[in-house]
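Trainee: Sequence:
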Amino acid sequence: MNSLLLKCTALLLLLFSGSGATDVASQGIPAAPASPPVADVCSIENNAFQSGEKIVYKLYYNWNFVWLAAGEVTFKVHDLPDQYRVTVRGRTYPSYEWFYKVTDNYESYLDKETLLPKIHIKDIHEGGYQRYDRTTFYQDEQRIVSYRGRTRNDTKPKYMDVDPCMHDLISIVYFARNLDYQRLRKNDEIPIKIVMDQEMHPLKIRYLGPEENVKIKGSGRYNTLRFSPQLITGELFKEGDEMKIYVSDDKNRIPLMIESPVSVGSVKAVLQSYNGLRYPMTAKIE
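If you use mature numbering (1 follows the signal peptide of the UniProt record, and there is no 0), the sequence shown corresponds to residues -21 to -1, 1 to 265, in order.
Keep in mind that the hints were calculated from the coordinates and are not lab data. Incorrect hints may appear among the rest.
To be verified - Think about it this way: if two alpha-carbon atoms lie no more than 30 Å apart in a straight line, the pair counts; the simulated DSSO-like pairs of lysine-lysine are:
| hint | residue 1 | residue 2 |
| --- | --- | --- |
| 1 | Lys55 | Lys80 |
| 2 | Lys135 | Lys97 |
| 3 | Lys194 | Lys230 |
| 4 | Lys91 | Lys33 |
| 5 | Lys263 | Lys137 |
| 6 | Lys135 | Lys165 |
| 7 | Lys183 | Lys91 |
| 8 | Lys263 | Lys183 |
| 9 | Lys183 | Lys165 |
All figures in this text were calculated on a predicted structure; none of them were measured in a lab.
Please build the complete structure, drawing on both the sequences and the hints.
Mentor: This is the structure in structure tokens:
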């Protein structure tokens, strides 16, 4: 059973990727205008974030017109000689743990030259459910090895051939923050491929254009860029569901707010705090 925090964490980890392999045209969305690539999917220069960055999101669930604060997700960037180690920690608030306690940990090691992942680790504890997955990417050989099990002590390997330049759920967030958004036109779509749960997913995200003076609960007002990614139809999302993402319209390009329906109700992830940004937060309206 997927917990509320898992659903909210999924929203944050799917910011620029969505999580679906469904065809956009089949959902009645017009095809995007043709446009030049906004980045080389196999390599991109990091101009958006730096080591030491920490971003915290507060997660809400809407139930019968009431927004309930369920937990937090914290993203941190750590420095290694030739890699960025990115950690993502999701926790329920104590007031929610009587109902369902969640401790989710994700970790990715990104090549500094390309921002492609080398290793991705998922270690989740949700009520009585546990899942551990460690995936090693051999990008030059176009293959991965995924060790998966209930815990790290009972994993079984799966060997997969994959397409070139594959991302994971964390790497794609930091890769997408470095895309050249000035070259995007409204309704342009950005195609990206990720590996998730031992499967490959070809994804698209639709650019909806800028929106100024957007109120972010508890944080203030910001100038933003809006996006809408594809979503997987299934336990988490229903067919036709649409996620909306608001990203800071400045050089940091950090996600400010994510809104989406889920199979029951709706969820929202809202920026709570940030520090260690590479640039001043000029998107915020004083």
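Trainee: Please go over all the hints and tell whether each is borne out by the structure.
Mentor: Cross-check of the supplied hints:
| no. | hint | in the structure |
| --- | --- | --- |
| 1 | Lys55 with Lys80 | holds, 22 Å |
| 2 | Lys135 with Lys97 | holds, 19 Å |
| 3 | Lys194 with Lys230 | holds, 19 Å |
| 4 | Lys91 with Lys33 | holds, 18 Å |
| 5 | Lys263 with Lys137 | violated, 45 Å |
| 6 | Lys135 with Lys165 | violated, 45 Å |
| 7 | Lys183 with Lys91 | holds, 24 Å |
| 8 | Lys263 with Lys183 | holds, 28 Å |
| 9 | Lys183 with Lys165 | holds, 14 Å |
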